[in-house]
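Q: Sequence:
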Amino acid sequence: MQRTMKRNWNLIIGLGLLIAGAAAGLPQKMSANESSKGTNATELATYGGGCFWCVEAVFQRMDGVKSVVSGYAGGKTENPTYQEICTGDTGHAEVIQIEYDPKKISFTDLLDVFWLAHDPTTLNRQGADRGTQYRSIILYHDERQKQTAEAAKKSAAAQFRDPIVTEIVPLKKFYPAEKYHQNYYNSNPNAPYCRAVIQPKLDKLLKKLSKAKP
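The sequence shown begins at 20 in the numbering used here and counts up one residue at a time.
Since the hints were derived computationally from the structure, they do not count as laboratory data.
Any given hint could be a false lead.
Stated by the list, open to error - Once the Cα atoms are required to be at most 20 Å apart in a straight line, the calculated PhoX-like pairs of lysine-lysine come out as:
no.	residue 1	residue 2
1	K122	K85
2	K85	K123
3	K56	K191
4	K198	K56
5	K172	K95
6	K85	K56
7	K165	K198
8	K191	K123
9	K172	K85
10	K165	K56
11	K85	K227
12	K165	K191
13	K227	K95
Stated by the list, open to error - Taking CB as the label site, the calculated pair distances span:
no.	residue 1	residue 2	range
14	D222	D82	33 to 39 Å
15	A147	D222	14 to 20 Å
16	N143	Q102	18 to 24 Å
17	V184	K56	41 to 47 Å
18	G150	S229	28 to 34 Å
19	D181	G150	18 to 24 Å
20	K85	R149	31 to 37 Å
21	P219	Q178	34 to 40 Å
Even for Gly, the Cβ is constructed at its ideal location relative to N, Cα and C.
I would like the entire structure built from these sequences, with the hints used as guidance.
A: So, in structure tokens, the structure goes:
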């Protein structure tokens, strides 16, 4: 994979202690008209915050998260490939779709970590990754998620010196990425990108969460 070298808290603080198992089977395309419900009383959330390898690794370590699938959403091209995504012409962003147990962790809890897991103030860029495919984006599944995300964005603004540029838009379709993108960090912890970019990001996030713990 060619890339530049880039790439409340009581519930959340346990994320660094758990390693997710192998990635579950890929879901079907998700329509915005479908419910945010997952399976067996779980719910779904879809976010983008730069390279999906990084964001996937973060949310896999959260207590209450059942599965995380890397994919593409927010654009116009149907059934996009990674090669098409890299051109920046599809309109899609690299995103993850999270299936979680709302009895253990809420949509708001997930958003709390979302703001910390990337820089939501940089337009179409995370670190050395540049392009619309790396934009900060929340794709809501229903009106409840929309209202929660908008309120969370306003609240999170106080944490940052620059304005938050995160898009909040309805999820039209979610396209799972190719198999080799799934569960990437867990499967390739010694890969150069994982050691140089993802592991430091995880370490930094844990420190932030530790400081934020009441």
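Q: What hints, given by number in increasing order, does this structure fail?
A: Checked against the structure, the hints that fail are numbers 4, 5, 7, 8, 9, 11, 13, 14, 17 and 21, while the rest are satisfied.
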